[in-house]
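Using the sequences and the hints given, assemble the complete structure.
4 protein chains.
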Amino acid sequence: MWTKIERGERMADTQPFGRFLGTEITLLQSGQAELQLALRPDLNQEDGFAHGGVVSYLADSALTYAGGTVLGPVLTLEMKINYARPAVGDRLIARAIVVSSGRTQAVCRCDVFAQSEGGEKLCAAAQGTIIVVPKRPKPT
Amino acid sequence: MWTKIERGERMADTQPFGRFLGTEITLLQSGQAELQLALRPDLNQEDGFAHGGVVSYLADSALTYAGGTVLGPVLTLEMKINYARPAVGDRLIARAIVVSSGRTQAVCRCDVFAQSEGGEKLCAAAQGTIIVVPKRPKPT
Amino acid sequence: MWTKIERGERMADTQPFGRFLGTEITLLQSGQAELQLALRPDLNQEDGFAHGGVVSYLADSALTYAGGTVLGPVLTLEMKINYARPAVGDRLIARAIVVSSGRTQAVCRCDVFAQSEGGEKLCAAAQGTIIVVPKRPKPT
Amino acid sequence: MWTKIERGERMADTQPFGRFLGTEITLLQSGQAELQLALRPDLNQEDGFAHGGVVSYLADSALTYAGGTVLGPVLTLEMKINYARPAVGDRLIARAIVVSSGRTQAVCRCDVFAQSEGGEKLCAAAQGTIIVVPKRPKPT
Chain A
1 MWTKIERGER MADTQPFGRF LGTEITLLQS GQAELQLALR PDLNQEDGFA
51 HGGVVSYLAD SALTYAGGTV LGPVLTLEMK INYARPAVGD RLIARAIVVS
101 SGRTQAVCRC DVFAQSEGGE KLCAAAQGTI IVVPKRPKPT
Chain B
1 MWTKIERGER MADTQPFGRF LGTEITLLQS GQAELQLALR PDLNQEDGFA
51 HGGVVSYLAD SALTYAGGTV LGPVLTLEMK INYARPAVGD RLIARAIVVS
101 SGRTQAVCRC DVFAQSEGGE KLCAAAQGTI IVVPKRPKPT
Chain C
1 MWTKIERGER MADTQPFGRF LGTEITLLQS GQAELQLALR PDLNQEDGFA
51 HGGVVSYLAD SALTYAGGTV LGPVLTLEMK INYARPAVGD RLIARAIVVS
101 SGRTQAVCRC DVFAQSEGGE KLCAAAQGTI IVVPKRPKPT
Chain D
1 MWTKIERGER MADTQPFGRF LGTEITLLQS GQAELQLALR PDLNQEDGFA
51 HGGVVSYLAD SALTYAGGTV LGPVLTLEMK INYARPAVGD RLIARAIVVS
101 SGRTQAVCRC DVFAQSEGGE KLCAAAQGTI IVVPKRPKPT
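Residue numbers (this note's numbering), protein chains in the order written: chain A, 1 to 140; chain B, 1 to 140; chain C, 1 to 140; chain D, 1 to 140.
In case anyone wonders, no lab produced these hints; they're calculated from the structure. Do not rely on the hints blindly, as some may be mistaken.
[Stated by the list, open to error] The following residues of chain B were derived to be distant from chain D, with all beta-carbon distances above 10 Å:
1. Met-11
2. Gly-22
3. Ser-30
[Unchecked claim] Restricting the straight-line Cα-Cα distance to at most 30 Å, the calculated cross-link-like pairs of lysine-lysine (DSBU-like) are:
4. Lys-135(A) - Lys-135(C)
5. Lys-121(B) - Lys-135(A)
6. Lys-121(D) - Lys-121(C)
7. Lys-135(C) - Lys-135(D)
8. Lys-121(D) - Lys-135(B)
9. Lys-121(A) - Lys-135(B)
[Claimed, not checked] Which chain A residues stay away from chain D? Per the calculated CB distances, all over 10 Å, these:
10. Pro-16
11. Arg-19
12. Glu-24
13. Ser-30
14. Arg-40
15. Asp-47
16. Arg-85
17. Val-107
18. Arg-109
19. Gly-128
No experiment lies behind these values; they were computed from the predicted model shown. The beta carbon of each residue, even a glycine, is placed where N, CA and C say it ideally should be.
Structure representation (structure tokens):
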């Protein structure tokens, strides 16, 4: 979650759910992350645009990756998302930045854009708290 | 999104993304909705528990369905989620209620539980605004 | 912030800003807090009802006090509030509960009611994260 | 709430609660608002820094004013705030922008800074939904 990759390199998300959906990591550098997800009918709600849950998943993940670039192994503690416009297009692009960070926590923001032939349109804005993974035994 | 079903009846979510993940609607009655989702490795993050995006998707959907029971066709305008505990178990259960509603909007809350042999544990708490679908042409 | 008081006892908030506004602590017991604030013209916005900032202040404080009943000295890390109805009345009453708590953090919810002769009406719903005060030197 | 003022002009907030606290409007132009508030002991919590409720009040107001610059008479429907750092200093400065807006709603973000001799430090980040005041009789 915290490996830095070069700008422009495109890497599959290594989390099972990210792979399942087809998430690509398109930018990871200090204080920033960008994720992309190709849209397809399976990811829609009944009105023909991407389900809000897909948009919030991508925002949440981008917030986590952005926080991870400054904190190391992290989790999202909480997040908030405003849906600004139906997510219609070929691809979602989530761009997250670190707004403030301390030793164990970071506040991050994310904008999610729907990309189509006509360009990119903002479809959601998110904000959340990313925390260093607490030291405890992994669930087995 | 707003059809009332009898308590206890279990119905597949009719939204493509809900079907894709396997979401079941287990309760829809005035002011309340319950959704369930069987967990499987595809829905996990790398640590072996359900990805936060899965949890927030289910919470978001339950908020929407709950709001829909009092408002008719609806969308989630915005939501906030706190992750309280890793979502480890066989099944997620999201229970949402309407806290306040007007003519075009409702404030709803949702608790998400992870169910395993040991019972149910709260893994997330969400709150959001559900709005009546604005009258405008559907995207084509 | 964490002293337990008997139910029904009414105590002035000992924080300067709480005293300045006239906040009363009307309940503090494990996992719960209730604060009250008498409304007056100074606390209004231009439309004759309590300013949203007054409502969110009271919700935030109640969340903090509730968290403090289980965690000891605490701070609000973040919060979210939905304004459900204009806060018109003689008095605001904020009731907060702990939804989930760990060693250093708690997720709390709060309902704010406006009380008038006609009874109590929900005017806002809040949710937030309360954390144990980090060990660091006090600002001087 | 929606009168445009020239950049740099400093105007007292005309809302009773804003006047009570001493809020100044230091910028109002299309899509942006800046509010300032001189800190004083009355606005503190017990630890010597501004009460979170003061910070969230200022953020909420700045979000509303920013939304008002594009929508006209408005209300805050909901907001979320992350406290990033104790608000220690002489003055709080809240800078809000419109991220997205439609006919009746806007999504806005706000950063709150604590200003002292050492400069400005971000102490909170907020995001919320601003809506056009619904057409209904004013409360009397």
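Structure versus earlier hints, numbers of those that do not hold, lowest first
6, 7, 8, 16, 17, 18 and 19
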